[in-house]
Amino acid sequence: MSAPVLEVERLTIGLPPGADRAEAVAGVSFTVGRGEILCLVGESGSGKSVIAQGVMGLLPKTLRVAGGAIRLDGEDLARAAPGRLRSLRAARMSMIFQEPMTALNPVMRCGEQIEEVLREHTALDAAARRARILDIVREVHLPDPERIVASYPHQLSGGQRQRIVIAMALVLDPALLIADEPTTALDVTTQAQILKLIAELQARHGAGVLFITHDFGVVAEIAHRVAVLRQGELVEIGTRDEVLRRPQHDYTRMLIASVPGMIPHERPLDVQAPVILATRALGKTYAAGGWFRKRAAVAAAEDVSLEVRRGQTLGIVGESGSGKSTVARCIVRLVDPSAGEILIDGEDIAARRLGTLHDFRRRVQIVFQDPYRSLNPRRRVGEAVIEGPLNFGVPRAEALARARRLFELVRLDPNSLDRYPHEFSGGQRQRVSIARALALEPELLVADEPVSALDVSVQAQVLALFAEIRERLRLAMLFITHDLRVAAQVCDTVAVMSQGRVVEYGPAREVFAHPRHEYTRSLFAAAPGRSWAFGGS
Amino acid sequence: MNATDIDALSVEHAAVRRQAGAWERVRKNWSVRIGGVAMAFLLLVALAAPWLGTVDPTLFDAASRDLRPGETGEITTLDGETLEHRFVMGSDSFGRDIFSRVVYGTRISLLVGFSSAVVALVFGILLGLSAGYLRRLDGPLMRVMDGVMAIPAILLAIALVALWKASLLTVIVAIAIPEIPRVTRLVRSLVLTIREEPYVEAAVALGTPTPKIMFGHILPNTIAPLLVQGTYICAAAILVEAILSFLGVGLPPDIPTWGNIMAEGRVQFIAYPHNVFFPGIFLAVTVLAVNILGDGLRDTLDPRMARRL
Chain A
1 MSAPVLEVER LTIGLPPGAD RAEAVAGVSF TVGRGEILCL VGESGSGKSV
51 IAQGVMGLLP KTLRVAGGAI RLDGEDLARA APGRLRSLRA ARMSMIFQEP
101 MTALNPVMRC GEQIEEVLRE HTALDAAARR ARILDIVREV HLPDPERIVA
151 SYPHQLSGGQ RQRIVIAMAL VLDPALLIAD EPTTALDVTT QAQILKLIAE
201 LQARHGAGVL FITHDFGVVA EIAHRVAVLR QGELVEIGTR DEVLRRPQHD
251 YTRMLIASVP GMIPHERPLD VQAPVILATR ALGKTYAAGG WFRKRAAVAA
301 AEDVSLEVRR GQTLGIVGES GSGKSTVARC IVRLVDPSAG EILIDGEDIA
351 ARRLGTLHDF RRRVQIVFQD PYRSLNPRRR VGEAVIEGPL NFGVPRAEAL
401 ARARRLFELV RLDPNSLDRY PHEFSGGQRQ RVSIARALAL EPELLVADEP
451 VSALDVSVQA QVLALFAEIR ERLRLAMLFI THDLRVAAQV CDTVAVMSQG
501 RVVEYGPARE VFAHPRHEYT RSLFAAAPGR SWAFGGS
Chain B
538 MNATDIDALS VEHAAVRRQA GAWERVRKNW SVRIGGVAMA FLLLVALAAP
588 WLGTVDPTLF DAASRDLRPG ETGEITTLDG ETLEHRFVMG SDSFGRDIFS
638 RVVYGTRISL LVGFSSAVVA LVFGILLGLS AGYLRRLDGP LMRVMDGVMA
688 IPAILLAIAL VALWKASLLT VIVAIAIPEI PRVTRLVRSL VLTIREEPYV
738 EAAVALGTPT PKIMFGHILP NTIAPLLVQG TYICAAAILV EAILSFLGVG
788 LPPDIPTWGN IMAEGRVQFI AYPHNVFFPG IFLAVTVLAV NILGDGLRDT
838 LDPRMARRL
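Chains A and B are the protein sequences, given in the same order.
So in the numbering used here, the last one in the first sequence is 537, and the numbering has no gaps at all.
So in the numbering used here, the last one in the second sequence is 846, and the numbering has no gaps at all.
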């Protein structure tokens, strides 16, 4: 093999004093060859993004390279002057970011943003620049390039925006492309297209790609080689097949085992269990516009009819904007449904006024996605857990005793009840949220993307906890997720939603084995790494 | 691989956030330290006014008129006793001790500043919480606030003082009222963000009564920016009080306030600049101290600023 594009040698990046460890990256060595895609995999805090920033010379001021070398085509970047780095960026190495909306300037047309790169780094005249821009926009498969370059970022979809970012990154034919979680903010079908595009362009341009991700599905999809990071240290590096099929290190094995499989579980479905929740033709319409303009109605959810039985989990699967969260929020009555019925134990609560819902609140509880925002930062977690029982007249001492039992159930130390949320990690906070929801002993637990913000190993633990709770408490559960793997693991029945409607609804095993609707099929086809058996199954 | 194996190997270290507590950051901030010490000093001056070598600030003596700073003269107490007194900051055209008047004026200024800020914050919080959380009140309340904001603050204060009898309470209320809409707007905008937070929705789902959500969940999370806003109101109120007194529409001239002292000293400013100079220095230092304190609090309490530090 020819000389590598990027050589990282014993790279150490120090953290400021007072951080949880001394070094963000500790003695990490790897290379990226020409025409090779190296995936850096790790959980949050593993230092994978810090490495990318270090290579680009974009480290935050508080972090600095403490040792080792970063060589791009033999030139040491760790010691390069800021001016030299600036001229190398975009020209010899470029970066794709996670969030295409914030990576683009919202008040500049997309074409102008690509042109800026050309103006800075080439001597092309206006006509040549324009031709090059249209070329690259065509190359990232954007339809109607003329219109796209004249658009502002907000006029494009998330996937189109990411294509513009990729076009910007590749317009100068860099030797090294760094992609930092480029598909994490995208829907699964868009993700599949972007991954395909990156692989295609990389093959055509022969660039080396450093691809940073937390998702083993994506790794399986795109990587040639894989490097696994844990808390700033490289634990394993090898070809994709070596690492995914025969992981050497315990940590890698644990990570891969934590990825849920795509094959639904085999738990028998009890069709005799009583129906806890039923919705009939549930709909939610948002009216836009105001006093003077005519109101335009947007249907977030339409004609949704679902059933959840005691001890069973119904998964609502869909991409962003499919209306799955709207349905969940209607059922918990955080938003008012505009049509249809919500039957809890046969009683319709859809039409009830907000003030008359007190008894209903006890029976239906919700767990949210973002563990950092679902607990009030100014209240102790114990207060959060006993808040519900206190609202329903349970004496404080009894509520506290219940909170201690619940903390044991969700595997938290009952003595930590008097701590504040910021003292807990993401997974622990999600456990607190679950304990809070269970404190009212609900019949139905709604979980709105409860594991999407968690690292894969923590996700596995929280999913196991959900399964245990459902078994022990015989709860009915409504589980909202965009992740088919998660759905396969936890759901008994699955409803697939698209554009506000349920397009497919049935037992998980049937839906996963024989998807009938075209949209379901495309969703399954887009799931990254679907051909790989993860989850130790 | 089962769940316990995963537990054993997991690295759930993501958020061991040993971030320095907000209070610790506040204490370590130099702006807060400087502003805080200056404010503490002024507060001490105000509280200890009778023991700082002052005389009753309303006492005058025709024999001690227009003394320059540092000169010694005599002053007659209400009992008719005549005392030897050193006029550290000189005396005015009535023979009153400027130093005593300035020191006692600190009481008025600080009292007006703090009280106006508290009054504006209390009403602003109540109105802002209602407008932000109870959507039906939003439109009507905010239109009234817009109306109040359309009137220049000083003009409104002058009108209010003119309506009622000039007293400390009147001045405080007159200064606080024009500030209320600004606080209301701030609180409302904060509430609109916080009410969408999942922890508030969780409280709704837990059946928490609306007042408890407003005061127990939302209000505590608005305190930091309100504290900052409070300091700015305090500084503005001290200035406005001085302006009102200076214009002769504030507290009655016999009450020693910095504005009153300056108003009386203005006529002979060329001959005796110390009449304006000393209260002016106190006013400037006080307002500066409050603003520096506010800036420091903003830098340390505003999470968006904290991340940049």
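Please note: incorrect hints may appear among the correct ones.
Derived Cβ-Cβ restraints for the label pairs, each shown as a range [claimed, not checked]:
1. A:P377 - B:L674: 22 to 32 Å
2. A:A131 - B:E561: 24 to 34 Å
3. A:V298 - B:T730: 19 to 29 Å
4. A:P377 - B:V659: 19 to 29 Å
5. B:T730 - A:N105: 32 to 42 Å
6. A:N105 - B:G684: 32 to 42 Å
7. A:P377 - B:L584: 31 to 41 Å
Below, a list of computed lysine to any residue pairs in the SDA-like style, where the Cα atoms sit at most 25 Å apart [unchecked claim]:
8. B:K749 - A:P377
9. B:K749 - A:L354
10. B:K749 - A:V394
11. B:K749 - A:R352
12. B:K749 - A:A19
13. B:K749 - A:Y286
14. B:K565 - A:P60
15. B:K749 - A:R402
16. A:K61 - B:F752
17. B:K565 - A:R404
18. A:K61 - B:A559
19. A:K61 - B:V710
20. B:K749 - A:R109
21. B:K749 - A:L63
22. B:K749 - A:P60
23. B:K749 - A:R333
24. B:K749 - A:G393
25. B:K702 - B:I691
26. B:K565 - A:R333
27. B:K565 - A:A19
28. B:K749 - A:R378
In silico negatives: residues of chain B with every beta carbon more than 10 Å from chain A [unchecked claim]:
29. E611
30. G617
31. E738
32. V813
It is worth saying that the hints were derived from the structure and are not from the lab.
In this text, a Cβ means the ideal position worked out from N, Cα and C, and glycines have one as well.
Okay, the hints, checked on the actual structure:
1. Between P377 (chain A) and L674 (chain B) the C-beta distance comes to about 27 Å, which sits within the given range of 22 to 32 Å.
2. A hinted range of 24 to 34 Å for the beta carbons of A131 (chain A) and E561 (chain B) is inconsistent with their spacing of about 58 Å.
3. Here the CB-CB span from V298 (chain A) to T730 (chain B) is close to 23 Å, well matched to the stated 19 to 29 Å.
4. Checked against the hint of 19 to 29 Å, the pair P377 (chain A) and V659 (chain B) passes, with Cβ atoms roughly 24 Å apart.
5. Look at T730 (chain B) against N105 (chain A): about 25 Å separates their beta carbons, and that is not inside 32 to 42 Å.
6. One distance hint, 32 to 42 Å for the beta-carbon pair N105 (chain A) and G684 (chain B), holds here, with the actual separation near 39 Å.
7. A hinted range of 31 to 41 Å holds for the C-beta pair P377 (chain A) and L584 (chain B), which are about 36 Å apart.
8. At roughly 16 Å between alpha-carbon atoms, K749 (chain B) and P377 (chain A) fall within 25 Å of each other, so this suggested pair holds.
9. About 16 Å separates the Cα atoms of K749 (chain B) and L354 (chain A), which keeps this hinted pair within 25 Å; it holds.
10. A hinted pair counts as satisfied when its Cα atoms are at most 25 Å apart, and K749 (chain B) with V394 (chain A) qualifies at roughly 17 Å.
11. Restraint check for K749 (chain B) and R352 (chain A): satisfied, since their Cα atoms lie roughly 22 Å apart, inside the 25 Å limit.
12. Among the hinted pairs, K749 (chain B) with A19 (chain A) is inconsistent with the structure: their alpha-carbon atoms are about 37 Å apart, more than 25 Å.
13. Between K749 (chain B) and Y286 (chain A) the alpha-carbon distance is near 28 Å, which puts this suggested pair outside the 25 Å criterion.
14. With a C-alpha separation of about 23 Å, the suggested pair K565 (chain B) and P60 (chain A) falls inside the 25 Å cut-off, and the hint holds.
15. Taking the CA atoms of K749 (chain B) and R402 (chain A), the gap is about 22 Å. The hint holds against a cut of 25 Å.
16. For the proposed pair K61 (chain A) and F752 (chain B), the alpha carbon gap of about 39 Å is over 25 Å, so the pair is violated.
17. A C-alpha spacing of about 37 Å is found between K565 (chain B) and R404 (chain A), which places the hinted pair above 25 Å, so the restraint is violated.
18. The hinted pair formed by K61 (chain A) and A559 (chain B) meets the criterion: a straight-line CA distance of about 22 Å does not exceed 25 Å.
19. For the hint pairing K61 (chain A) with V710 (chain B), the CA-to-CA distance comes to about 48 Å; that exceeds 25 Å, so the pair is violated.
20. Distance restraint check for K749 (chain B) and R109 (chain A): the Cα-Cα separation of roughly 47 Å exceeds the 25 Å cut-off, and the hinted pair is therefore not satisfied.
21. A distance of roughly 43 Å separates the Cα atoms of K749 (chain B) and L63 (chain A); the hinted pair therefore is violated under the 25 Å criterion.
22. Distance hint between K749 (chain B) and P60 (chain A) is unfulfilled; the C-alpha atoms sit about 41 Å from each other, more than 25 Å.
23. The suggested pairing of K749 (chain B) with R333 (chain A) holds, with an alpha-carbon distance near 19 Å, which does not exceed 25 Å.
24. With a CA separation close to 15 Å, the supplied pair K749 (chain B) and G393 (chain A) stays within the 25 Å bound.
25. For the hint pairing K702 (chain B) with I691 (chain B), the CA-to-CA distance comes to about 17 Å; that is within 25 Å, so the pair holds.
26. Taken as a hint, the K565 (chain B) and R333 (chain A) pair is broken in the structure, with Cα atoms around 45 Å apart against an allowance of 25 Å.
27. For the proposed pair K565 (chain B) and A19 (chain A), the alpha carbon gap of about 18 Å is at most 25 Å, so the pair holds.
28. With a C-alpha separation of about 14 Å, the suggested pair K749 (chain B) and R378 (chain A) falls inside the 25 Å cut-off, and the hint holds.
29. Every CB of chain A lies more than 10 Å from the CB of E611 (chain B), the least distance being 60 Å, so the non-interface label holds.
30. At the 10 Å boundary, the C-beta of G617 (chain B) stays outside the reach of chain A, the nearest C-beta of that chain being 60 Å off.
31. Remark: the non-interface label on E738 (chain B) conflicts with the geometry, its nearest Cβ contact in chain A lying 5 Å away (cut-off 10 Å).
32. Every Cβ of chain A is farther than 10 Å from the Cβ of V813 (chain B); the closest lies at roughly 47 Å, confirming the non-interface assignment.
Going down the numbered hints, you'll see the structure goes against 2, 5, 12, 13, 16, 17, 19, 20, 21, 22, 26, 31, while the others check out.
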